[in-house]
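All letters in the sequence shown, in the order written, are residues 1 to 78 by the UniProt record's numbering.
Heads up, none of these hints are tricks.
Label pairs and their in silico Cβ distance ranges: (1) S12 with N32: 15 to 21 Å; (2) L53 with F16: 16 to 22 Å; (3) S48 with V23: 27 to 33 Å; (4) K77 with S31: 15 to 21 Å; (5) N25 with I49: 24 to 30 Å.
What the hints contain is simulated information worked out from the structure, not anything from laboratory work. Think of the CB as a built atom: it goes at the ideal place given N, C-alpha and C, for glycine as much as any other residue.
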Amino acid sequence: MREKIVYVEGESDKIFLTLLNEVKNLGLKDSNIINCGSKDKLSKEAESIKEYLKAKDIYIVFDSDNQTKEAKIQEIKK
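Throw the hints in and build the complete structure from the sequences for me.
The structure is reproduced here in structure tokens:
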């Protein structure tokens, strides 16, 4: 199984996902949860290629995508 890499928007999201990873056993390594600031160029580029990245086991979780917490968990678990 390949390692999953998750980009999050902001330090608070990184902390939240790190805790969620421990509680829900999402199978993420802490070093693979990467804070990508909302004004970061990578953030803008990543939004446009989200589906392509999912196929490579790279997940992007942004507050601004209007997903509920459970939807984010299910997206990462898939």
